[in-house]
Amino acid sequence: EDDLTDWLEDHKVDNALEVAEHFVEYNFEIDDLEFVGERVKVPHLSPVLNWVNNNLVTEKMVTDIQEASQRIADLVMSVKNFTHMDRAQDKQFCDIRFGIRNTLTMLNHKVKHASVAVTEHFDESLPDVNAYIGELNQVWTNLIDNALDAMEGRPESTLDIRTERDREFVKVTITDNGPGIPADDKDKIFDPFFTTKEIGKGTGLGLDVVARIVKQHRGSIKVTSVPGKQPLWSAFLSKVDHHQTRLQEEMFRRPKMYIRFAC
Numbered sequence: 158e159d160d161l162t163d164w165l166e167d168h169k170v171d172n173a174l175e176v177a178e179h180f181v182e183y184n185f186e187i188d189d190l191e192f193v194g195e196r197v198k199v200p201h202l203s204p205v206l207n208w209v210n211n212n213l214v215t216e217k218m219v220t221d222i223q224e225a226s227q228r229i230a231d232l233v234m235s236v237k238n239f240t241h242m243d244r245a246q247d248k249q250f251c252d253i254r255f256g257i258r259n260t261l262t263m264l265n266h267k268v269k270h271a272s273v274a275v276t277e278h279f280d281e282s283l284p285d286v287n288a289y290i291g292e293l294n295q296v297w298t299n300l301i302d303n304a305l306d307a308m309e310g311r312p313e314s315t316l317d318i319r320t321e322r323d324r325e326f327v328k329v330t331i332t333d334n335g336p337g338i339p340a341d342d343k344d345k346i347f348d349p350f351f352t353t354k355e356i357g358k359g360t361g362l363g364l365d366v367v368a369r370i371v372k373q374h375r376g377s378i379k380v381t382s383v384p385g386k387q388p389l390w391s392a393f394l395s396k397v398d399h400h401q402t403r404l405q406e407e408m409f410r411r412p413k414m415y416i417r418f419a420c
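In terms of my numbering, the sequence shown opens at residue 158 and continues consecutively.
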């Protein structure tokens, strides 16, 4: 950028610093400026290059507006999906990847603000699972949000989310490179109102809610962690209600859902 600025100033181009900044963003090089300079004399060079700069700025603004509009549309759709799912009174067969992706969209601002690199490895052939969809969304939201909080201020933060088959289970793994859970806290993390967050940042109800939801699905959840290493969360959710008929079980046969969270 400094070389471009010097060239522009030497050729008496107005707003040299601003023009150079935008030209660098669009990969302009000295050779490009020399090419223009050989064909446009100095009295006309400044207005020509500023005209090019203004067009680049306008193009970027239009692109930013289009991208922002798409992000808003995605967010609105995710909010609608969450609202619709929370109204569901009965269990439904659902694609858990859809709920996880909605959750990531809802938390996108927090992910970007914390500069967290998110990677998804989803098995596209996974079967649907029978669950209270809105409640599962709360599970994803609480666990991913906790992972983001745990990585706050850490350089090169990463969040990895995987879904795959594991025999008769669907397995979900959420891993982050946070500091881990102190040994003294492991037995208390699912207790209501217990939190390791700063005052005003946490209610201590997130993991309690997660545990209750998993239990409501006739499942269980546990954590294995060593300070300084990534903790491992494991939850098991049943595939079918006992009151379903044998015919329904044959028609809607699905594997149990096994969720393993690592954060």
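Simulated from the structure, these hints should not be mistaken for lab results. None of these values were measured; they are calculated from a predicted model. Glycine residues also receive a C-beta, built at the ideal position from the N, C-alpha and C atoms. Some hints here could point you the wrong way.
[As the list claims (entries may be wrong)] Straight-line alpha carbon distances no greater than 16 angstroms define the calculated EDC-like cross-link-like pairs of lysine to aspartate or glutamate that follow:
1) 198 <-> 166
2) 269 <-> 313
3) 343 <-> 365
4) 169 <-> 195
5) 217 <-> 178
6) 328 <-> 365
7) 248 <-> 292
8) 269 <-> 306
9) 328 <-> 285
[Unchecked claim] Ranges of calculated distance between the beta carbons of each label pair, as one might list FRET restraints:
10) 345 <-> 267: 32 to 42 angstroms
11) 266 <-> 212: 29 to 39 angstroms
12) 198 <-> 277: 49 to 59 angstroms
13) 277 <-> 186: 34 to 44 angstroms
14) 276 <-> 209: 37 to 47 angstroms
Query raised in the report: Holds or violated: are the alpha carbons of residue 198 and residue 166 at most 16 angstroms from each other?
Result: holds (15 angstroms)
Query raised in the report: Does 49 to 59 angstroms hold as the CB distance between residue 198 and residue 277, or does it fail?
Result: holds (54 angstroms)
Query raised in the report: Within 16 angstroms, alpha carbon to alpha carbon, are residue 217 and residue 178?
Result: The given pair, whose Cα atoms are some 13 angstroms apart, holds under the 16 angstroms limit.
Requested in this report: With a cut-off of 16 angstroms on the C-alpha distance, tell me whether residue 269 and residue 306 pass.
Outcome: Holds, at about 13 angstroms.
Query - Restraint check for residue 343 with residue 365, where alpha carbons must lie at most 16 angstroms apart - result: OK: residue 343 and residue 365 at ~13 angstroms, within 16 angstroms.
Query - 16 angstroms Cα cutoff - pair residue 328, residue 285 - result: holds (12 angstroms)
Report task. Would you mind confirming whether the straight-line C-alpha gap from residue 169 to residue 195 stays at or under 16 angstroms? Result -> Between residue 169 and residue 195 the Cα gap is close to 15 angstroms, so the pair holds against 16 angstroms.
Query - Range agreement (Cβ of residue 267 with Cβ of residue 345, hint 32 to 42 angstroms) - result: Given range 32 to 42 angstroms: violated, Cβ gap about 25 angstroms.
Requested in this report: Mind checking the hinted window 34 to 44 angstroms against the Cβ distance between residue 277 and residue 186?
Outcome: holds (36 angstroms)
Query raised in the report: Does the alpha-carbon distance linking residue 248 and residue 292 stay inside the 16 angstroms limit?
Result: Holds: residue 248 and residue 292 sit about 10 angstroms apart, inside 16 angstroms.
Query raised in the report: Between residue 269 and residue 313, does the CA-CA distance stay at or below 16 angstroms?
Result: The hint holds at about 12 angstroms.
Query raised in the report: In this structure, is the beta-carbon distance linking residue 266 and residue 212 contained in 29 to 39 angstroms?
Result: holds (31 angstroms)
Checked against the numbered hints above, the structure breaks hints 6 and 10 and satisfies the rest.
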